[in-house]
Structure formats: C-alpha cells, structure tokens
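Enquirer: In case you want the letters, here they are:
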Amino acid sequence: MTSGTSWTALTAQQLVRYEALFKLLDDIRALEDPLKLAQRIATQWKYFANVAAWRLVVQCEPGFLVIDGLRGEAQLTDVATLSPWDQFHWDSQRPALWRAGSAAGMPSPPDHLQARGISELQVLPVVRSGRPACVISVAGRHAPFSDLDNRFIHLFARHFADQVADILLRRQATEALLARATRDSLTGLLNRGTVIERLSAQLELARRSGLPLAVALVDVDHFKSINDHHGHLAGDAVLCQLAARLQARTRAADSVGRFGGEEFLVVLYPCSADEVVIASERLRGAVADLPFSIDDTPPKRLDVTISIGAALADARAPIDVQDLLRRADEALYRAKDAGRNRVTVDRRLTLAPAGTAREPESRESA
Amino acid sequence: MQRYTLTDYQTASPGTRDVYDDFMRTTGAAEVPIWIQSLGHSAPLARAYWERAKGTLFAGNLPLPLKEMIVFVVSARNGARYCSACHAQNVLSLDKALAFEDLQALLKPGPESGFQLPAYYASVVDFATKVVADANGVQDEDFEVLLDEGFSKEEIGEIIAVIDMATMFNVYTSSLRLDLDPQYRAIL
Chain Z
3 MTSGTSWTAL TAQQLVRYEA LFKLLDDIRA LEDPLKLAQR IATQWKYFAN VAAWRLVVQC
63 EPGFLVIDGL RGEAQLTDVA TLSPWDQFHW DSQRPALWRA GSAAGMPSPP DHLQARGISE
123 LQVLPVVRSG RPACVISVAG RHAPFSDLDN RFIHLFARHF ADQVADILLR RQATEALLAR
183 ATRDSLTGLL NRGTVIERLS AQLELARRSG LPLAVALVDV DHFKSINDHH GHLAGDAVLC
243 QLAARLQART RAADSVGRFG GEEFLVVLYP CSADEVVIAS ERLRGAVADL PFSIDDTPPK
303 RLDVTISIGA ALADARAPID VQDLLRRADE ALYRAKDAGR NRVTVDRRLT LAPAGTAREP
363 ESRESA
Chain Y
2 MQRYTLTDYQ TASPGTRDVY DDFMRTTGAA EVPIWIQSLG HSAPLARAYW ERAKGTLFAG
62 NLPLPLKEMI VFVVSARNGA RYCSACHAQN VLSLDKALAF EDLQALLKPG PESGFQLPAY
122 YASVVDFATK VVADANGVQD EDFEVLLDEG FSKEEIGEII AVIDMATMFN VYTSSLRLDL
182 DPQYRAIL
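Same order as they appear, the protein sequences are chains Z and Y.
Quick note on numbering: the numbering used here labels position 300 of the first sequence as 302, and the sequence is numbered without any gaps.
Quick note on numbering: the numbering used here labels position 116 of the second sequence as 117, and the sequence is numbered without any gaps.
Don't read these hints as lab results, they were simulated from the structure.
Careful, some of the hints might be misleading.
Claimed, not checked - Straight-line Cα separation of at most 25 Å, SDA-like style, residue types lysine to any residue; simulated pairs:
{"hint": "1", "chain 1": "Y", "residue 1": "LYS154", "chain 2": "Z", "residue 2": "ASP238"}
{"hint": "2", "chain 1": "Z", "residue 1": "LYS38", "chain 2": "Y", "residue 2": "ILE157"}
{"hint": "3", "chain 1": "Y", "residue 1": "LYS97", "chain 2": "Z", "residue 2": "LEU33"}
{"hint": "4", "chain 1": "Z", "residue 1": "LYS25", "chain 2": "Y", "residue 2": "PHE24"}
{"hint": "5", "chain 1": "Y", "residue 1": "LYS154", "chain 2": "Z", "residue 2": "ARG251"}
{"hint": "6", "chain 1": "Z", "residue 1": "LYS25", "chain 2": "Y", "residue 2": "SER153"}
{"hint": "7", "chain 1": "Y", "residue 1": "LYS154", "chain 2": "Y", "residue 2": "PRO183"}
{"hint": "8", "chain 1": "Y", "residue 1": "LYS55", "chain 2": "Z", "residue 2": "ASP28"}
{"hint": "9", "chain 1": "Y", "residue 1": "LYS154", "chain 2": "Z", "residue 2": "LYS338"}
{"hint": "10", "chain 1": "Y", "residue 1": "LYS97", "chain 2": "Y", "residue 2": "MET25"}
{"hint": "11", "chain 1": "Y", "residue 1": "LYS97", "chain 2": "Y", "residue 2": "SER153"}
{"hint": "12", "chain 1": "Y", "residue 1": "LYS131", "chain 2": "Y", "residue 2": "LYS97"}
{"hint": "13", "chain 1": "Y", "residue 1": "LYS55", "chain 2": "Y", "residue 2": "GLN90"}
{"hint": "14", "chain 1": "Y", "residue 1": "LYS55", "chain 2": "Y", "residue 2": "THR28"}
{"hint": "15", "chain 1": "Y", "residue 1": "LYS55", "chain 2": "Y", "residue 2": "THR168"}
{"hint": "16", "chain 1": "Z", "residue 1": "LYS338", "chain 2": "Z", "residue 2": "GLN174"}
{"hint": "17", "chain 1": "Z", "residue 1": "LYS338", "chain 2": "Z", "residue 2": "ARG251"}
{"hint": "18", "chain 1": "Y", "residue 1": "LYS109", "chain 2": "Z", "residue 2": "GLU21"}
Computed from a predicted structure; not experimentally measured.
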C-alpha cells in the first residue's frame with residue numbers, strides 16, 4: 003500500500019467495521035432494557051458506520067416509543083402521536099434520503115437530527131410479518147454516506163429494530179400474564195389472593211413503622227335480589243361500576259380487591275381510627291348518593307347501597323391478617339344487622355394499659 | 002551503558018512469572034517483551050504496570066485499534082522510541098490495510114501528509130495531541146468536538162486514560178532507553 007491512500011477507501015476497512023459490529027451485537031444480545039440497549043448503541047455506531055445521531059420509532063400500545071441518540075447518549079420517550087417527520091415516514095413506509103439545504107418534500111427533521119455538521123439523513127422502514135413495525139432515521143456527519151456506511155446501516159438497523167420490537171412484545175406479554183394472575187377479570191381490581199398478599203405486606207410495614215393500618219370489608223346490600231330482578235348481566239354491571247367508584251375514591255397507595263362474589267376489601271395504610279371512618283363513609287356515600295346505570299332497553303337506573311365493616315391494626319396491639327379480617331367481617335355483620343347502608347368500625351385494643359381490662363368497643367356511622 | 006536489568010522467565014520469581022504468564026495469556030504472545038522484563042526484578046512493580054496496561058487496553062468500551070492508534074500517536078509526540086515502535090507494530094497487526102509508511106505519514110504535520118483517518122479517529126488523535134501538549138490547557142470546546150462525534154463522557158474518560166497510560170510508559174521506557182525488541186521497527 004502506498005502512502006497517501008485514503009484509509010476509508012480501502013476494502014479492508016470492512017474488517018474493522020465487522021469487528022465493531024460483532025462486538026456490539028454480542029454486548030446487546032441479552033439486554034432487556036430498551037434504555038440500556040439504546041445507550042450502548044449510541045456510542046457504537048461511529049465504529050462501523052458514519053452515524054452521528056439517530057431516531058428509532060416503534061409501535062408501543064397505546065402509542066409509540068421514540069428512542070433518540072446523540073453525542074453518545076440515548077433518550078426514550080413515550081408519545082401518543084408522532085411528530086410530523088415521524089408520521090410522514092411511518093405513513094410512507096419507504097426508504098428516503100434527506101439532504102441539508104434541499105426541501106425534498108418532507109417535513110423538517112427533529113432538531114437533534116439537524117445538529118452541527120450533519121450532512122444527510124437516511125430513513126429506513128422496518129416491516130415485521132408484513133406490517134409496519136419501526137422507522138429508523140440516521141444522520142451522517144461531515145461526509146455523505148458511503149457504500150460501506152449504507153451496507154452497515156442496513157445490516158444493523160434491522161437488527162436493532164427487531165430487538166426493540168421483541169423486547170416490547172415480551173414486556174406486553176409479561177404484563178398481560180401478570181394481570182391475569184393478579185387481577186379479577188370482571189372488575190379489573192386485584193383478585194382475592196393478591197389483595198390478601200398486599201394486606202400481609204402492608205401489615206408488616208405497619209408493624210415496623212408503628213403506623214396504624216385499616217381494612218374495610220365492603221358488601222353490596224341485597225345483591226341477590228339485583229341479580230334476581232334485573233339479571234346477572236345487570237349484577238355484573240353493578241359490580242364493575244362499584245369497583246370503579248371504590249378505586250376512584252381510594253388513595254393510590256391503598257389496595258382495593260375483589261374479595262368474593264359481591265364483597266370487596268380495601269386496605270388503607272397509613273390510616274387512623276378517625277380516618278377510616280371518614281374514608282369508609284366516603285365510599286358508602288359514593289355508592290348510595292348516585293344511582294347506577296344499567297345498559298338495558300330502556301336503560302335502567304338502580305339504587306344500590308353497600309355496608310362496610312372496618313377494623314384497625316396498630317403497633318400497640320399486633321394482629322395477624324386472619325384476625326384483622328375476622329374483626330372486619332364481624333363489624334360488617336353488625337352493619338348488616340343494624341339496617342345496611344352504613345359503616346361499622348371495630349376498634350379494639352388487646353393490650354390495655356397495665357392492670358385494666360377493656361371491653362371490645364365498636365363505633366357506628368350511617 | 003545499559004541502564005536497566007532484564008529478568009528472564011527462567012530466573013524470575015514466582016510472582017514475576019505469574020505476571021509474565023498473564024501477559025502471554027492475555028496478548029497471545031509467545032515471549033515477554035523487554036519492557037516487562039525490565040520490571041521483572043520487582044513482582045509488585047511488574048504487576049502494577051501490567052495491570053495498568055491490561056485494564057486500559059484489554060477492557061473498556063473503545064475498540065482496541067483506536068486505543069493502539071492513540072498510544073502510537075501519543076508515544077510519537079512524546080518522542081518515545083520504544084513505545085512508538087511497539088505500538089506502530091500493534092496498529093499494523095490490527096489493521097492489515099495500513100502500511101508502515103502510512104503511520105510515518107501520519108506523524109508529519111499538516112494536511113500535506115495526504116493520509117486521512119476516518120473523522121472520529123482524526124478527532125481523537127487531535128484531542129490526544131492537545132492533551133499531551135498541555136493537559137491544563139484542554140478546553141470545553143475540545144470535549145464538545147468529541148461529544149459531537151458520538152463519544153460519551155465515559156468514553157472520553159477512557160480516551161484520557163489511554164493517553165495517560167501511554168505517557169506513563171513513555172516516561173519509563175525513554176528514561177531507561179530500552180532497546181527495541183527484535184520484532185519492532187523504529188519509527189522515530
């Protein structure tokens with residue numbers, strides 16, 4: 003080889019590029035986190051192709067995931083709607099070349115793809131099973147893309163897009179499986195097993211922190227007669243609407259689960275005796291004060307009420323899950339017995355001040 | 002006068018032999034170069050220098066050819082006869098398209114050298130030259146150039162670690178005026 007020959011023109015350059023590409027493929031093979039994947043890739047493009055900045059757009063229900071790379075770093079954004087550039091290329095599903103200074107009938111590229119020194123952009127759509135899956139835009143610096151650049155960009159872009167799409171698919175499937183295992187299929191609330199698990203965990207937290215925890219057992223009044231008079235579909239509709247109202251009126255950190263056919267369990271932590279009365283009364287009112295709509299011909303409006311039995315656990319009187327649920331159940335029974343559509347709180351302290359005995363107390367509100 | 006002593010494998014202590022063995026395993030070399038043999042009298046020193054080279058060159062995120070090129074350029078700028086010859090050899094063995102004359106041309110100042118590196122290589126070589134000339138004088142703009150090329154801050158840290166390692170070896174080998182190993186061809 004004589005001196006003065008441009009290195010990039012030499013075909014043996016391919017060996018350097020392939021080595022860099024294989025190293026990258028090896029490094030990213032087992033990555034399941036799209037951000038780590040993107041960060042790894044952001045620093046490696048330059049070793050096998052003249053790519054200074056890039057964007058990958060992939061479908062990710064309910065919208066899209068946009069992954070941007072620039073200056074050795076990567077960023078992920080979930081978007082509901084695509085930018086004009088991305089939407090244009092998603093719709094066209096055709097490879098495209100954009101050059102700085104020429105309009106080319108395309109919307110303006112995103113800012114990071116027009117950064118310092120960028121000379122041209124290549125857009126590649128990726129199709130999986132005959133459907134649009136991803137669009138990748140890559141920006142070259144200093145010089146136009148060479149044949150070698152194009153070859154390696156095509157090689158890697160496909161692989162990158164496939165890996166991201168696969169990760170998202172696996173994530174979706176895992177989330178669906180998890181939902182199946184932990185959620186009640188009718189109401190979408192936590193299922194019985196999961197809400198009891200949550201209760202155990204939060205009870206343990208309460209023991210360690212010394213803060214009080216409360217449970218509220220919620221039961222639909224006269225549910226059997228709703229089913230008998232209006233049908234099981236109406237009964238299901240009531241349960242779904244009730245679940246939504248309970249969920250809407252509890253804090254994000256509290257847990258709401260379907261405990262039985264028409265029974266629900268709410269776990270409130272931290273929650274004092276006074277707070278559980280207020281919270282339970284709020285739930286009772288949310289049901290009693292607004293009729294439920296049943297989709298029928300003609301549409302019906304049903305008055306529904308609930309009874310609530312609440313019990314407390316605090317650090318002064320350690321209690322296990324079963325005992326706590328039993329006390330809430332007993333309080334619920336008293337609420338039903340006293341006329342329904344009311345809240346009854348069971349409040350006992352098993353550890354009385356030294357030397358005194360104390361009768362079980364209960365408080366009612368309606 | 003020869004300013005250094007050499008410890009060959011046969012006469013080396015067990016600790017030194019461990020270092021020699023690790024070197025040969027890692028690099029695939031059949032023999033231990035003069036620079037390590039010159040440290041063989043002290044197993045801890047031999048270990049320290051080798052680990053510095055191993056952790057910098059044979060680990061991390063930068064491709065080895067780029068690192069070898071950095072060490073070559075830095076060594077040449079530091080006037081290190083031994084290191085520049087050794088790493089010229091390494092660069093040539095990693096990229097068969099390059100010739101010895103191409104590396105000589107690279108060391109000539111100015112664009113008339115006619116030897117062009119890919120853009121990101123050129124920016125790394127420029128940066129290395131600046132760091133060697135005056136580490137205190139490196140500006141934020143110099144970092145911005147590398148960031149624009151797609152190097153992350155972590156990678157730039159690795160680049161500096163390579164530059165620094167090269168300088169360390171340059172000082173050591175130059176002050177001792179180590180003789181070149183037979184397979185090295187002097188470029189300075």
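Enquirer: For each hint, tell me whether it holds in the structure or not.
Expert: Each hint, compared with the structure:
For the suggested pair Y:LYS154 and Z:ASP238, the alpha carbons sit about 58 Å apart, so the restraint of at most 25 Å is broken. Restraint check for Z:LYS38 and Y:ILE157: the C-alpha separation of about 19 Å stays at or below 25 Å, so the hint holds. In summary, the hint linking Y:LYS97 to Z:LEU33 is not supported, as the alpha carbons are separated by about 33 Å, beyond the 25 Å threshold. Restraint check: the Cα-Cα separation between Z:LYS25 and Y:PHE24 comes to about 23 Å, which is no more than 25 Å; the hinted pair holds.
Taken as a hint, the Y:LYS154 and Z:ARG251 pair is broken in the structure, with Cα atoms around 47 Å apart against an allowance of 25 Å. As the CA atoms of Z:LYS25 and Y:SER153 are separated by approximately 18 Å, the hinted pair is consistent with the 25 Å bound. Proposed proximity of Y:LYS154 and Y:PRO183 is contradicted: the alpha carbons are some 39 Å apart, above 25 Å. A C-alpha spacing of about 21 Å is found between Y:LYS55 and Z:ASP28, which places the hinted pair at or below 25 Å, so the restraint holds.
Between Y:LYS154 and Z:LYS338 the CA atoms are separated by roughly 67 Å; this puts the pair beyond 25 Å, and the hint is violated. Restraint check for Y:LYS97 and Y:MET25: satisfied, since their Cα atoms lie roughly 22 Å apart, inside the 25 Å limit. Distance check on the hinted pair: Y:LYS97 and Y:SER153 sit about 28 Å apart at the alpha-carbon level, beyond 25 Å; violated. Distance restraint check for Y:LYS131 and Y:LYS97: the Cα-Cα separation of roughly 28 Å exceeds the 25 Å cut-off, and the hinted pair is therefore not satisfied.
Proximity of Y:LYS55 to Y:GLN90 is assessed by CA-CA distance (about 18 Å); at most 25 Å being required, the pair is judged to hold. A distance of roughly 9 Å separates the Cα atoms of Y:LYS55 and Y:THR28; the hinted pair therefore holds under the 25 Å criterion. For the hint pairing Y:LYS55 with Y:THR168, the CA-to-CA distance comes to about 15 Å; that is within 25 Å, so the pair holds. Restraint check for Z:LYS338 and Z:GLN174: not satisfied, since their Cα atoms lie roughly 43 Å apart, outside the 25 Å limit.
Of the pairs offered as hints, the one joining Z:LYS338 and Z:ARG251 holds, with about 22 Å between alpha carbons and a cut-off of 25 Å not exceeded. For a cut-off of 25 Å, the pair hint linking Y:LYS109 to Z:GLU21 is broken: about 29 Å separates their Cα positions.
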